[in-house]
Each structure stands twice: as structure tokens, then as C-alpha cells.
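K.L.:
Sequence:
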Amino acid sequence: MFKTDCVESVLRKLFISYSHLLCRYPIVIAIFSLIIAGGLGSGFMFFSYASGTETLFTPQESQARDDRDIIADLFPVDFNRFLPDRVIKADQRQLSIIFSPVEGNNVFTSKVLQEILVLNSQIISTKVVANDTEFTFEDICSRWNGECIENPVLQYIGDQYPDGVFQPSEDELQVPFPNIVYQGNTINIETFLGGNREENGLAVNVKSLLVQYFLREGQDDALSKFWIDEVQIKILEGNYSFIEIAVFPSDGLDQAQRKLTKTVIPFFSITYTVLITFAITSCLMFRDNVQSKPWLAFTGVLSASLAIVSALGLLSYCKVPFNQVATSVPFLILGIGLDDMFILISSWRKTSLKNSVEERMEDTLADAGVSITITSLTDFLAFLVGSISPLPAVKVFCLYAGVAVLFDLFYQITLFGSFIVISGRREAANRHSWTCLRVQPKSDPQNSTAYNICCAGGASKRVSDEPTVHLAITFFQKYFSKLFTHLSTVIVIIFLYLVYLGFSVYGCTNIGEGLKLKNLAEQGSSIHNFLELQADLFNDPGPSVSVAITEELPYWEQSVRENILKSIDSFHSSEFIKPKNYTQCWLTDFYEFLEVNQIVINDRDSFITTLKDRFLSFPQSDRYNLDINFNENSISSSRCVMTTQNVETTKKQGEMMLALRDLAASTSDEVGVEIVVFSPGFPFYEQYIIIIPQTIQTLGIAAASMLAVSLILIPNPLVAILVSLSVISVITGVIGFMTFWGVSLESVSLVNLVLCIGFSVDFTAHIAYAFASSDSTLPPTVRISSNLGFLGYPVLQGAVSTILGVAVLLIVPSYIFQTFAKIIILVMIIGLLHGLLFIPVVMVLFAKFTFKEKTNEVSDNGYTNQGFSNN
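With our numbering, you'll find the sequence shown wraps up at 971, consecutive numbering, no jumps.
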């Protein structure tokens, strides 16, 4: 069969040459690798942490950010003339509280409202001292007409009950809905009431009340932040009889990310302990005290740990900031490192104890060195592709993980390789695996039973007996491999694969999309509860959207005004925009003002005079001064503020943004000027619309890169293609089964799907490479039996160690870490099924049809050269 082994053969020769150097200077190479680790580890002096939600989880370059810059430049926020629906930034400095009743489903009961009013009064009057300056909310609040912006519902109720005293008969208060009249102004209160419905013009079953305290930024920003931090602590420490509260400061998500990073650190020590225990236990041979390798297993964990330290140190030197998502990297690299360690130890076990250490090391690196190089390069390429993602959280994670994978390969062939040589010399001297004291082989007739159990081991030079074979190797070689020798079991495995594929495809077609904001906070925290209530109860009406005309127009011409009004009406035809009575548009109201007062506009001067001196001077129209920019006797730009609806899900939010942009584009063509639509949530919505194409692009490029590496390094192109198809199959399964485990497709899961590429190769490449490299003149099941015998156990070890490494994250109260653990566990289980069942079946079937018949003898595995055994 045609082979592409030119690169593989060169790489094999290089590893053989390197093994001579390693055997000659093991201590020097070990010390050299430790010096490298120490030097790179010093980079922690420059360690930095990034936690901005928008910075990490939204595209670095996007139309939303460009549009926000345009709106911010044309309509800057004035904290002395501040209206909440004109806010430009999602993290506008504020403290938000959702009040819910402890009992019942109505917040408008006397006991609940009385407690809310008391707490609201305490918040407003709380004195805070910062930098020897004492101040209250009144000193740093955002204002409108000289008054602090306060919750209109509480103001309305406060006016109805000025002393905060309710009559005993007034258990439930009657509040008009959807509008209240306060100080002569009609105010829509739907935004502040959660889970409400209308009955006879009154609000009923109001489950929650949203209260926001808007603060000043600029030179007062430091004081505002200090006030929020102090008041937030006091609120959360309070005892309440009738209300439950959920608090969200404007930088709440940033706080949550920093807190979660600190929360997960103790779990790393648990993982480290579990993995060391597993590595040592799985490398023990209770029947042979010489061939056991407990200390070698420990150094394998050490090598992976140094890879983590080196990667973090090097990238800290390069000033690449760490982040919450990248906190998962140590858990990942420990699993990858142990996988490489198990492969190296397995290859060492394949060598004969009769050979010298140098000969055994040649065979080990020639076999396992190439194998772990293939998987390391494919892992690195997968992460390299992920690092081009427009989402910084994905980019940084992939950078850290990719660099750590390369360092893991380096330390496995230097530090761990050195300790393999040292351990090999211990074995050659027949020394005990724990104490390193010289012991007698078990074949020595003078040994007692206790000595054989606790001390004896190794092979006797006098009797030339072979070393004891590990029980797991025996199981895979003699028993597990028989699954592929019988036609009936092969058919069952193929049927299982088809069932797996069916569930996978079904799950892929039903996968959820989008990262919910609540999933960035610690589960059960006040911030998480707030965001959950906000998403569930305060999604209708949706956020306000600014529709801005950014260029100068001759508004005094009636045809121009009518074209613009027609364009504005086109937005109301969208399913995502509330009816006209929710829209605040100066031109609509001005046009109505002209008709009611029978004013005729003849020229520019009369238009500007009427607009400035008459319309905008009315208190009801004062807010429109924030929406019009004058350039001498013309309007240079203006905007209307609309209210959205039907945006309950992240998918709908993305669709809404795209639909409004399409309307703006078509309207711009009609009017002949640029129209920009923007809402503070748009930068985050950008993630929702790019996640699927980004996932397809990232996985596609990563898979293609992996195929290229496989074709170059695996000496059989058909086997390399099979590995690639296996990766696609694993990815399909992981995405499909994510649906059944409640994981959506978003930036966090995209990070883990990039991992899927590398891990999928790990499972199939080791066995596929060994199969492709083995003697093709042997019957297929003999070849697969030998390969599974020595690779089945380390592949299983690698999967179990990785699962153990990340399983602890399932109990971390964070969606990000739980998602990471879930997807890695799915990859491990599905990858293991492919590596140990599906791929061996395909290779055996393929080899069966290309195998040249020699004899009809039945091999030890029950395989005849003519076909499957019927036994």
C-alpha cells in the first residue's frame, strides 16, 4: 500500500539519535529543563488579569462598537440632564435592585411595599466616607431638572402614602397600569414591574419590582463606585422579613469573574491530589515490585505542571492578560500531560527487559515520541486556529493552552525522558520501585512468600525469564481484542455507532445558542439571581433602541419630513418594535404639534424658530433637547428612541439587532442619509450572530490543519483520512450530546469544541499510527490485538485521568467551569468509544479486504486469514 512515511521516518531517526543523548546525560538534561521552567516561571512578576465582560465575550471589532462610538459622539450623556432610556453603555454606573415578596406573587402588598420604602429611604440617606469626604446618593446622583433620578413607582406610592403608613384594610394596593400620572407627567411603568399583567387598568400579580440608582461618572466616578461598593455590602448584610433582594452593581459581571477565578483555585489542589494518586496507582504493578513506576508517575505529573508554569510565565512576559476562561487551562494540560506520560510508559513496557537501557530508550522514543508529537502538534494547531477568534476569551484561552501543549511535549521528552532513563537503570539493577534498594527476582527459590509480595521483582539474568506483563495489557491483548474477531460483535459495534450517530445529528439540530449573562456569575450569588430574574421577568418590554439620522437634512421641507416619518413607521412594522405610543420621536410629536396648532412651515427660519422657541420649550418636550443637535440654523443630527419586544432569548436578541440594521440600511437608501440603530446590549448581541459561523470556521480550519499533520506524520494516507473522519464524528457527537446535557453553543463552549479537535486526535492517532506502522503481512486482528494490548490501557488511562482532572469543576458554582468539565467529559467518553471500538472495527474491516491470504491457520485471537472466526 502507498505510504507517506518520509517525515515520520526522519522524525523517528531524530528521536533515536536524541535517545542516545538522553541516556548519556539524563541528569544534565533534567537540570536544564528545570532551569528553563524556573526562568519562564519568573514571568509571573508581570502577570495580569482581564475581567471585562464586554472585553472578553464580545468581538473586538464589530459594527456595534462602531455604532456606539457614533452615538456617543453625537449624543453624549449629560449627568445633569440624564434619562435612563438614553444610556449608551451597558455598564453605565448604577446600582440595581430587584425586590420580590417572600410569600405570594404580588409585590404590591402593604407589608412588602413598606419594607421596600424603608430600605429605599435608607439607601438614599446612607452617608459614605471616601478620602475624608462624606457624601450621600444626593451628592453623586444623575439628575433630570435638578432632581435625582428615582424609581417612579416608589415616588408614586410615596406620594399616595407620604408617611409610609398603610391602612390595615389596604393589604393590596391598586396601582394603575401600564401608565401612572406623577407630578403632571404620564409615565410608563412596565419596565419596572416583573411578571405583571393588567386587569381593569390595574397591575396585578407583580412578582418583582426593579429599582435603579443612577450615578455620575467622569470626575465623580470614583466616588460613585465607592458608594456602590459600600451600599451593596450593607444591603446584602441586612435582614428582611417580607422581601427578597437581588443586587447588581454596574460592574457586577466583572466582580463575578474575579470572584470565580479565586473560587476555582482551591479546586486545583484537589485535582492535583487526585491525579497524582491516580497516576501512581495506575502505574503500579502489584505482581512486580521492580517494574512498578510510582516515582516515574509522579514526575509525569511534575512535567505537566512545569508546562503550565512555563506557559503562564512566558505569556505573562509577553503581557498577554489571563482571564476567567483561561483558568481552565491547568486542568486541561494536566490531563494532556498524563496522557503523554502513559503512552511513553506503555512504549517502555513493550521493550524487552533483556535489552540495555539505551536500546529500550531507542525503541520507546522511536515509537511513543512520534506518537505524542503527532497529538501535540494537532492539539497546538487546533489551539492556534482558535486563537484567531474575534472573541478575546476564546483567543486568550487558546493562546495559553496552545503554548502549554508545546511545553508539555518539551518536558515529556526532556525531564520525563530523563527520569525514564533513571528508572530504566533502576530496573536494570533490579532495584525496588519505592525504596530503590536492590532486590531478588521472584524466580529466586530462596524468596519467602512475604518477600515475593513486598520486595521481589524483575527478571533473572540467569534463567532469562521475561518481565511480568501488566494485567491491563493482558486484558486488552487477550480478551478485549476478541471483540473484533467475531462477525456478530463487529455488527453490534457498527449498530451502536449508527445509534450514536443518530442521537448526535438530532442533538446538533436542536442545540441552543448564545451565552446568557447570568452564566458569567457564580450560581446562587445575588448577581446571578438578579440576572436570572431580569431575563425571566423583565424581558417585555425589551431594551430601548436609538434610531439616529447622523447627517444634516432640510427638515423644513415637508417632503423630507414625510419621508423620514414614513421611514420611522417602517420600523414599527417589525415584530421587534413596540407600537408607536411607546416610541419617543421628536419629529413625530413636532409634526403633530404643527397640525394641532395649524402652523405652516414655509422656510428654514420659521422651522427652526418654531422648533426651538415653541415646541422644545414645553416641559413635555424637554427630553427631545437630548435628541437634536443644531448647527446654527439647521439640524446636524437627530434620533428617535424606540422600545423593543419579543427578545426573550439570546437568539431573538441577535435576530432583532440584524432586523433593525436591515431596516436602517433600506431606510438610509430611501432618505439618502446614514441611519444608525443602537442599543447598549448590541455589542454583546454581536456574539450571538457570529457564534455559528465562527464555530464552523474554527472547527473547519482546525480539522483541515489536523488532517495535514496526520497526512504528513502518519505513514498511511488512508489511515490519516480515517483519523480525520473520526475527529469529525467525535465533534458531531459532542455538539449533539451537549444538547442533552443543557449546554448551549456560545463562546465558552466554542473554546471547548476547539479542544475537541485535539483530544479526538489523541484517542485515534495513537492506535491508528501504531496500526499503520505495524507489519502489514500479519492478519488484521493480530495487528489490532498487539496495538490494543499496549495502547488500549494508556488511552484508557489518559481518558480517565482527564475526566478526574476536570470532574471537580462540576461542583464549582459556575456555568463556565461546569461547561468546560461537561464538554471535556463528553469528549473523553465519545473519543474513547471511537479509539477503542469504532476505529479498530473500521481498520480491521479495511485491512481484511486488503490483506493478502497466506494460510488458513487460526491465530491465537481466533482470526483466520479467510475471514472472521465463528467461535
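It cannot be assumed that every hint is accurate.
Listed next, the in silico DSSO-like pairs over lysine-lysine satisfying Cα-Cα at most 30 Å (straight line) [unchecked claim]:
hint, residue 1, residue 2
1, Lys-359, Lys-454
2, Lys-712, Lys-307
3, Lys-211, Lys-334
4, Lys-666, Lys-680
5, Lys-227, Lys-211
6, Lys-712, Lys-666
7, Lys-616, Lys-362
8, Lys-113, Lys-359
9, Lys-678, Lys-751
10, Lys-359, Lys-751
11, Lys-454, Lys-680
12, Lys-751, Lys-616
13, Lys-578, Lys-307
14, Lys-189, Lys-578
15, Lys-189, Lys-307
16, Lys-454, Lys-362
17, Lys-334, Lys-227
18, Lys-359, Lys-334
19, Lys-189, Lys-616
20, Lys-362, Lys-419
21, Lys-113, Lys-227
22, Lys-616, Lys-582
23, Lys-578, Lys-450
24, Lys-189, Lys-419
25, Lys-678, Lys-307
For each label pair, taking beta carbons as the anchor points, the in silico distance ranges come out as [claimed, not checked]:
hint, residue 1, residue 2, range
26, Thr-377, Cys-554, 35 to 45 Å
27, Tyr-261, Arg-297, 42 to 52 Å
28, Phe-603, Ala-907, 33 to 43 Å
29, Asp-321, Asn-663, 36 to 46 Å
30, Val-229, Ile-135, 46 to 56 Å
31, Val-304, Asn-663, 42 to 52 Å
Read the hints as simulated data drawn from the structure, not as lab findings. Where is the CB? At the ideal position from N, CA and C, for every residue including glycine.
K.L.:
Please go over all the hints and tell whether each is borne out by the structure.
P.N.:
Now the hints, each set against the structure:
no., hint, in the structure
1, Lys-359 / Lys-454, "violated, 56 Å"
2, Lys-712 / Lys-307, "violated, 43 Å"
3, Lys-211 / Lys-334, "holds, 21 Å"
4, Lys-666 / Lys-680, "holds, 12 Å"
5, Lys-227 / Lys-211, "holds, 26 Å"
6, Lys-712 / Lys-666, "holds, 23 Å"
7, Lys-616 / Lys-362, "holds, 22 Å"
8, Lys-113 / Lys-359, "violated, 50 Å"
9, Lys-678 / Lys-751, "holds, 19 Å"
10, Lys-359 / Lys-751, "holds, 28 Å"
11, Lys-454 / Lys-680, "violated, 89 Å"
12, Lys-751 / Lys-616, "holds, 10 Å"
13, Lys-578 / Lys-307, "violated, 65 Å"
14, Lys-189 / Lys-578, "violated, 66 Å"
15, Lys-189 / Lys-307, "holds, 28 Å"
16, Lys-454 / Lys-362, "violated, 52 Å"
17, Lys-334 / Lys-227, "holds, 12 Å"
18, Lys-359 / Lys-334, "holds, 19 Å"
19, Lys-189 / Lys-616, "holds, 18 Å"
20, Lys-362 / Lys-419, "holds, 21 Å"
21, Lys-113 / Lys-227, "violated, 75 Å"
22, Lys-616 / Lys-582, "violated, 48 Å"
23, Lys-578 / Lys-450, "holds, 15 Å"
24, Lys-189 / Lys-419, "holds, 27 Å"
25, Lys-678 / Lys-307, "holds, 23 Å"
26, Thr-377 / Cys-554: 35 to 45 Å, "violated, 21 Å"
27, Tyr-261 / Arg-297: 42 to 52 Å, "violated, 24 Å"
28, Phe-603 / Ala-907: 33 to 43 Å, "violated, 23 Å"
29, Asp-321 / Asn-663: 36 to 46 Å, "holds, 42 Å"
30, Val-229 / Ile-135: 46 to 56 Å, "holds, 52 Å"
31, Val-304 / Asn-663: 42 to 52 Å, "holds, 43 Å"
Against the hints set out earlier in the document, violations occur for numbers 1, 2, 8, 11, 13, 14, 16, 21, 22, 26, 27 and 28.
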